[in-house]
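Once you have looked at the hints, place chain B on chain A.
Single-letter residue listing:
2 protein chains.
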Amino acid sequence: MTEERARVLVVGSVAIDWVITEAAERPESVGGSGTFFAMAASYLAPVRLVGVVGRDFPASAIADLRARGVDTDGLEVVEDGLTFRWKGRYHKNMNSRDTLETHLNVFADFDPKLPAHYRDTELLFLANIQPDLQMRVLEQIARPRIVGLDTMNLWIDTAKPSLLKVLQRVDALLVNEEEALQLSGEHNLVKAARAIQKLGPHSVVVKRGEYGALLFHGDDMFAAPALPLEEVVDPTGAGDAFAGGFMGWLARAHEPRGDQLRTAMIFGSTLASFCVQGFSYDGIRGLDAARVQERFSAFARLTDFTRAQL
Amino acid sequence: MTEERARVLVVGSVAIDWVITEAAERPESVGGSGTFFAMAASYLAPVRLVGVVGRDFPASAIADLRARGVDTDGLEVVEDGLTFRWKGRYHKNMNSRDTLETHLNVFADFDPKLPAHYRDTELLFLANIQPDLQMRVLEQIARPRIVGLDTMNLWIDTAKPSLLKVLQRVDALLVNEEEALQLSGEHNLVKAARAIQKLGPHSVVVKRGEYGALLFHGDDMFAAPALPLEEVVDPTGAGDAFAGGFMGWLARAHEPRGDQLRTAMIFGSTLASFCVQGFSYDGIRGLDAARVQERFSAFARLTDFTRAQL
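Protein sequences, first through last, are from chains A and B. Numbered per the numbering used here, the first sequence finishes at 1306, counting up by one with no gaps. Numbered per the numbering used here, the second sequence finishes at 1306, counting up by one with no gaps.
Bound-form chain A, shown alone (with noise of 0.2 Å):
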């Protein structure tokens, strides 16, 4: 079965976070938007990691993702170095949050070189990291059928011109939508998703954190809610499994359309609504086909409604 399935591949950060939260504190959180969306994806298709730890990354996390078959040859160990670090407090809402230190690390000399067996991979997403690094890794792909991208504030101030040129190589960007504010200089979001669009991205997702997200596809819009919870535990990497979720599916689904893409949307939130439910990977690591399924489901009864007539 596995073996017929498209793969998909990450590249991204895999880092030690320190959380804080209203109620709790966790010094030495796996994560990284690798780390999130590789364990999201798992549960949707065969997942390839590429990334950098230092050697006081913990085996037991290479273990959580081996465990979900996820194939971590791409994920390089520099044994004189130290894992990416970051530290954030969430604010009491858990909508917002302060970064209170970034420590790069060994990703500061990163350049991804990707397993010889990776090359032939059918998905690819370019998680959140310098433009130059994710074009890079998308040139050591041979024929990715869809390609994705996330990034941030940081590169759309300082690396612009590679952003604008990876992204004209990539079927969907996932941003939050400030960055999508950013990146397109408008004030409003639609004009926004169009303007991107000209860029190269036949697909826009804008993540909205607690209110969903927005699919802007062609000339088609799809809203997707989140699912309102009465406690959320940490929502490092949220936006991650998203696009674990949403990427997964479309290994699945083959060919991007319309139809695909919105179930796709569910699925991303599906993982994300998961996520926030734990500290770290915690959420998204014991699950199984049937609580991703009944999880799906409660998505399908939050949108419904009677198409009534007048």
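Simulated from the structure, these hints should not be mistaken for lab results. The structure displayed is predicted, hence computed values, not measured ones. Be aware that a few hints might be false.
Note that the list lumps identical chains together, so a pair holds whenever it fits in one copy or between two copies.
[Unchecked claim] In silico lysine-lysine, DSBU-like type, Cα no more than 30 Å apart, as pairs:
no.	residue 1	residue 2
1	Lys1194	Lys1088
2	Lys1109	Lys1161
3	Lys1088	Lys1109
4	Lys1088	Lys1156
5	Lys1088	Lys1187
What follows is chain B alone, placed relative to chain A:
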């Protein structure tokens, strides 16, 4: 036809606004929660309006309401007074605003006395006014089938006992996110809604502006998106237009069952989306059933996805 339909009574402000946006300034823009609600609801049900204005209120606005079939017998005109006035400036993103001036004028001494023929009204909406006034109107309706209520931070701060008293007799509370949190004392929206349900309302509708609205009904949840628009002219009154569409559909649907409440949320979103496309009530005055139906269908398309199986 119309005679057989359940009617909706709204009590709320009828105002002259001074609206400033990035693109334009409208110093004499007819507004008020009662006005926006009545215009919006008029596409779905017969509407009765209770409010007060001064000698400066334009006769043309009353004529516009009557042209939509709104019964304005309950709109008191105080010849030696001035209409309630609000002045505000929207921020560039149109999501937030600053109130620059508020003049209660004739609204300060408002003592609603309903025309005798209003007494048999089936659906009642208590728009955002002082809770004791809301109660006084409620007491003048013989047997209201469904009671909706809106309120604001000011009344939660200054008149909470009165608000809690009237809430006991309310079926559906419609408030924004901050108001729901403030009223309940919770930081989480789901917990807030569940706490508010214990105060009386079986249904809690949380309005989130451009992010849409959530319905909590019994144990059920429903998420309605806002329609992403390329141009928002004036957000003033969108929440009241939402309430008008919501209550208007319930007047047609008779029983406030879950399915009907979901459809009502989409009619609320439909009227709100029209409202923000013009200043004052320009966006909701010249519609017809076909245009309302067409916009409703746009929401169906916006949220539609295939129920996939893993």
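Exercise for the section: Identify every previously stated hint that the structure contradicts and give their numbers, smallest first. Expected result: 3
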